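Given the coordinates of chain A, work out where chain B should sit on it, guided by the hints.
In the order they appear, the protein sequences are chains A and B.
Once you know that position 329 of the first sequence is 329 in this note's numbering, the rest is easy, because the numbers rise by one and skip nothing.
Once you know that position 60 of the second sequence is 1033 in this note's numbering, the rest is easy, because the numbers rise by one and skip nothing.
Do not rely on the hints blindly, as some may be mistaken.
Keeping only pairs whose Cα atoms sit at most 30 Å apart, straight-line, the calculated DSBU-like set for lysine-lysine is [to be verified]:
id, chain 1, residue 1, chain 2, residue 2
1, B, K1151, A, K637
2, B, K1131, A, K74
3, A, K728, A, K684
4, B, K1120, A, K629
5, A, K629, B, K1131
6, A, K665, A, K74
7, A, K260, B, K1018
8, A, K684, A, K637
9, B, K1131, A, K352
10, A, K665, A, K684
11, B, K1120, A, K74
12, B, K1131, A, K637
13, B, K1018, A, K902
14, B, K1120, A, K350
15, A, K352, B, K1151
16, A, K497, A, K133
17, A, K74, A, K133
18, A, K350, A, K260
19, A, K637, B, K1120
20, A, K741, A, K593
21, A, K260, B, K1151
22, A, K260, B, K1131
Honestly, the hints are just simulated from the structure, not real lab data.
Just so we're clear, the structure is a prediction, and the values are computed from it rather than from any experiment.
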Amino acid sequence: MLIKRSEGRAARQRLAASYQGLSSGGLDRRSFLRQAGFAGAGLAALGAVAPSRARAAGAATGVINHAQPVQRIKNICTHCSVGCTVTAEVQNGVWVGQEPTWESPINRGTHCAKGAAVRELVHGDRRLKYPMKMVGGQWQRVSWDVALNEIADKLMAVRAESGPDSVFWLGSAKFSNEGSYLYRKFAAFWGTNNVDHQARICHSTTVAGVANTWGYGAMTNSYNDIRNSKTMIIMGGNPAEAHPVSLQHLLSGKERNRAKMIVIDPRYTRTAAHATEYVRIRPGTDIPVIWGMLHHIFANGWEDKEFIRQRVYGMDEIRAEVAKWTPAEVERVTGVPGAQLRAVAEAFAKEKPATLIWCMGATQKTVGTANVRAFSILLLATGNVGADGTGANIFRGHCNVQGATDFGLDVGTLPAYYGLEEGAWRHWSRVWGVSYDSMVERFDSKQMMGAPGIPTTRYFDAVTLPKDQIQQRDRLKAMVVFGHGGNTVTRMPEAVKGLEALDLLVVADPHPTTFAVLADRRENTYLLPICTQFECDGSRTASNRSLQWGHRVVAPIFESKTDYEAMYRLAGALDAAAENRNMPVRFREEMFKPYEIRDDAPTAESILREINRGSLSTGYTGQSPERLKLHMEHQDKFDLVTLRGREGTPVAGDFYGLPWPCWGKPEWKHPGSHILYNTNLHVKDGGGTFRPRFGVERNGVTLLAEGSWSEGSEIRDGYPEFTTAVLKRLGWYDELTAEEKAWIEGNGGTFSWATDLSFGIQRVAMEYGCVPYGNGKARAVAWNLPDPVPVHREPIYTPRVDLLAQYPTLPDRRGFRLPHLGVTVQNRSREVAPNFPIILTSGRLVEYEGGGEETRSNKWLAELQQDMFVEINPADAAARNIRDGQWVMVSGPENNSRARVKALVTERVGPGVAFMPFHFAGWFMGTDQRARYPQGTDPIVLGESVNAITTYGYDPVTFMQETKVTLCQISAA
Amino acid sequence: MARMKFLCDSDRCIECNACVTACKNEHEVPWGINRRRVVTINDGKPGERSISMACMHCTDAPCAAVCPTSCFYTTADAVVLHDKDTCIGCGYCFYACPFGAPQYPRVGNFGSRGKMDKCTYCAGGPQADNVSAEYVQYGANRLAEGKLPICAEMCSTKALLAGDGEMIATIYRERVQKRGYGAGAWGWRTAYRETLSV
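Just chain A, same shape as in the assembly (with noise of 0.2 Å):
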């Protein structure tokens, strides 16, 4: 059997040989070093790598010289949110090994199977190593200068043609902070608000739902604090594989109070077989299993009634539609048992403190944000919020997503939230210190620069769709990929169409990714070389809101450049573009104005600098660059499970990263906030409260806290968010310093907590103990979305047809410049769910992450996992005559999609459901791409990828694919 990791020996000598050889020709590093025995002479004959690369890759085969002194520098882990410290010996600018960093609070010394495995991304044998354009479908290897030139004249070209809409500028999730917020303000320099990142296919949904309930769109708690809880669910989740470091955090909080640990999901998990208590639901009725909960608690008085009085809005609307779902309804759609879940319930209201934990089976979904807000109102309901050990723990996917989300690499909103209107556009432009108006001109109407932008989702339907149905100028027609894979979005036999439709498609990334290779593209394909964060400094925020500061490990190795420096060097080229066709429009100087410039590229500290004077809204302003060094220099100093400083030291009363809000000045040395919405605490000691975000009342009834307010207010109740004119109302504007009033009446004397450069308002605030944002009710009823109150919905391609009159999706409509269609393809359901009878959901695995080009590259990675596989149960298995290990056919209901992949028979899917990874690429609809990279950058693993079967389906809201549930057929290959 190949495919089960259990046997690692399995799969050897079939790999073995296209990895030695390198089968799309190029020569291993690794095996030419020992053909020459290991000497320094000849290496040179490596036309690509300089001489000084080449001799230290005589010191890359790991022995360390343990005469000379050995340079330890700390930088974070690149893969999942958990935050872990890597610690790399370098010698001679080499990566020579990886010590366990104990001192982190976070891993302490451990990694996974990735984090141990980080050095060979860094010594990339099949990395892209110089920048590369298509010829009449050849690559040819280019300088980065002709390559930039050409790019950027290109864009222009489109610009001049179709506006500036019609470039989708793609980001990342491994930027770090710095790079997320650079490529956000480019986007808004270039004059699009088309600009995505991976959030928009991990957690969208959680941040729509959970910031649309109490304020924030972020995990409440942190990965250490689950050490204090007494119950904890894990739904729609397989942390030991996805964030296999927490579970470090997650067993001792079950050893040390004897908690619960209870795992919903329809998989039975690699986490599942640690838990306590195991649920097994059909897929795509989160909803139910969690009304089918508060069934239970509302009937049996189990719920906080007091922390829904003080601080919950409309938890009635709430209880009239949890009637509905009682034990035999709710084991009617989602096949639990009314017993089962009611044990849970009563654990979960009554053992506390209990916090809920959520990865992408709750978020991936056509429901996804109705189901972020019923899991939110759990927790309100029994008063798991804003304490130790509860929380709505969301397990975030990567190493900086959380980060590149805040700093608004999003189609919807500016860095920090800020959203697209008229003020934020303001407040970010008095930032960046131009004027509004020169940004106006830059888009191609005022209306386009409040209008959200194309999410990545559906980037192809954007260049294929005819141009009457899309509201922008023009189809897409260029677009610019930064660190992001091509394999993880849904319909991909339709982004292919749209890839080949494309005029320009640059990728810049450390690897040629599924992008460079799915379509069939004969020219106007580029590929820049970008190092990875370990090659770059910068912060990066964990899924818990820590900051955290990598130091670069070694320079950017081949002639890959940092993503500052490819934006700097892009920016320049874009003004010369423009100059030769007599284009008024600039870059480089405005953007990049404020910044330190050296060696081309801008420093990470200076970026920084001008967040901490912008993003106030979200409180990443007390960072500062000094201060987060501070704090992976005394990294021993914090507490495992409360994170803080310890008294004594410089760190003290620190809370480990500044975990954001950490509000003010960097002088005033806020601790930042650990625990979101914690009243317990004062304001500056990183206390808060619900954020009013949506009024002071609704239909008669206050939104503002009743009899609740954190440690120390001075207003001993409710209050809204603080303005000018508030502090005025309360008598208190005159203790702003003359300074700060001179700013804000010098800039039009109207501003509020979050657009106060001077930051006095916030100052006077939380000087009488009050958050700036306010004191407000978490909303139960969220009446400005599709469904202000969480309803079940069946999936798009649902095998229940029996259930879709009394559950459909919501009508067709319109989203994101673009039609959104919902009932129209559910009723297909109907003649589809014959046909293909399984539910196919997909996941992830712990040796790969994300669309897994780099990881796949990865020997150390990739020899763990060889095949592309379908968990398929035994009953379904036996019905197809299909057994362990042998190629089966999965097709899928459009597109006549179809994958070859491997059968792995399990139980660990229930019968009618299937399951795939989806890291996997390289390999279309059965065909072998391998030939398609460029010498020596094809992965060493390649299979198909789930998401050629995965079908139409998106979350109202945010354009959120549904991955998690569609219909399948397997049959033997």
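This is chain B only, laid out in the frame that chain A set:
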């Protein structure tokens, strides 16, 4: 002297394979050679458990007993090592080993296997400590630097413990007492002729 042992707490092991890649990375172990691997039983079913496995550095190691060239030796820390210059790749040790630890780089004509390779407990080989010749044949010698095996040091959930047998047994016992369950020290009876009672 310490009596070095491995102990895998199967109630904590999540089969993340960090031990496997940490080992590969530390010693640059070639593709196809697995000094350490994770084995899962009842895969996908209730009762699923994983155990990280490598050479257990047995007391009276059976590999040493059957080796026709006597290439095995036991260090003062009770780590079982072998001399690749003496090894003839006969494969007897593979048949003798209860844990499937010995690995061979080649399977060629006439069954030639090449020199046996296995977990060294991050203690290198017979050469002087931490010289390049030792690294090329056996990998890093962390024990000589005062460090423990990298697999255990980097274990994501601290399931895999390495160190003096008494000390890791105490850690495990305390853990079991605190949480109230424990499947025991897997493989200890076979490797060390003793069990760990809690």
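A quick look at each hint next to the structure:
For the hint linking K1151 (chain B) to K637 (chain A), the alpha-carbon distance of about 26 Å falls within 30 Å, and the restraint holds. Taking the CA atoms of K1131 (chain B) and K74 (chain A), the gap is near 21 Å; set against the 30 Å cutoff, the hint holds. With a C-alpha separation of about 22 Å, the suggested pair K728 (chain A) and K684 (chain A) falls inside the 30 Å cut-off, and the hint holds. Of the supplied pair hints, the one linking K1120 (chain B) and K629 (chain A) holds, its CA atoms being roughly 27 Å apart against a limit of 30 Å.
The straight-line distance between the Cα atoms of K629 (chain A) and K1131 (chain B) is roughly 28 Å, inside the 30 Å bound, and the hint therefore holds. Between the alpha carbons of K665 (chain A) and K74 (chain A) the distance comes to roughly 26 Å, so the proposed pair stays at or under 30 Å and holds. Using a Cα cut-off of 30 Å, the hinted pair K260 (chain A) and K1018 (chain B) holds, with the two alpha carbons roughly 20 Å apart. The hinted pair formed by K684 (chain A) and K637 (chain A) meets the criterion: a straight-line CA distance of about 21 Å does not exceed 30 Å.
As the CA atoms of K1131 (chain B) and K352 (chain A) are separated by approximately 27 Å, the hinted pair is consistent with the 30 Å bound. Our distance criterion of 30 Å between C-alpha atoms is met by K665 (chain A) and K684 (chain A), whose separation comes to about 12 Å. Taking the CA atoms of K1120 (chain B) and K74 (chain A), the gap is about 19 Å. The hint holds against a cut of 30 Å. Simply put, K1131 (chain B) and K637 (chain A) have alpha-carbon atoms about 21 Å apart, close enough for the 30 Å limit, and the pair holds.
Our distance criterion of 30 Å between C-alpha atoms is met by K1018 (chain B) and K902 (chain A), whose separation comes to about 20 Å. A hinted pair counts as satisfied when its Cα atoms are at most 30 Å apart, and K1120 (chain B) with K350 (chain A) does not qualify at roughly 45 Å. Proximity of K352 (chain A) to K1151 (chain B) is assessed by CA-CA distance (about 20 Å); at most 30 Å being required, the pair is judged to hold. Note on K497 (chain A) and K133 (chain A): the hinted pairing holds, with a Cα-Cα distance of about 20 Å set against a maximum of 30 Å.
Restraint check for K74 (chain A) and K133 (chain A): not satisfied, since their Cα atoms lie roughly 35 Å apart, outside the 30 Å limit. Between the alpha carbons of K350 (chain A) and K260 (chain A) the distance comes to roughly 12 Å, so the proposed pair stays at or under 30 Å and holds. This hinted pair checks out: K637 (chain A) and K1120 (chain B) have alpha carbons roughly 22 Å apart, not beyond 30 Å. Between K741 (chain A) and K593 (chain A) the alpha-carbon distance is near 27 Å, which keeps this suggested pair within the 30 Å criterion.
For the suggested pair K260 (chain A) and K1151 (chain B), the alpha carbons sit about 15 Å apart, so the restraint of at most 30 Å is met. Simply put, K260 (chain A) and K1131 (chain B) have alpha-carbon atoms about 20 Å apart, close enough for the 30 Å limit, and the pair holds.
Checked against the numbered hints above, the structure violates hints 14 and 17; every other hint is satisfied.
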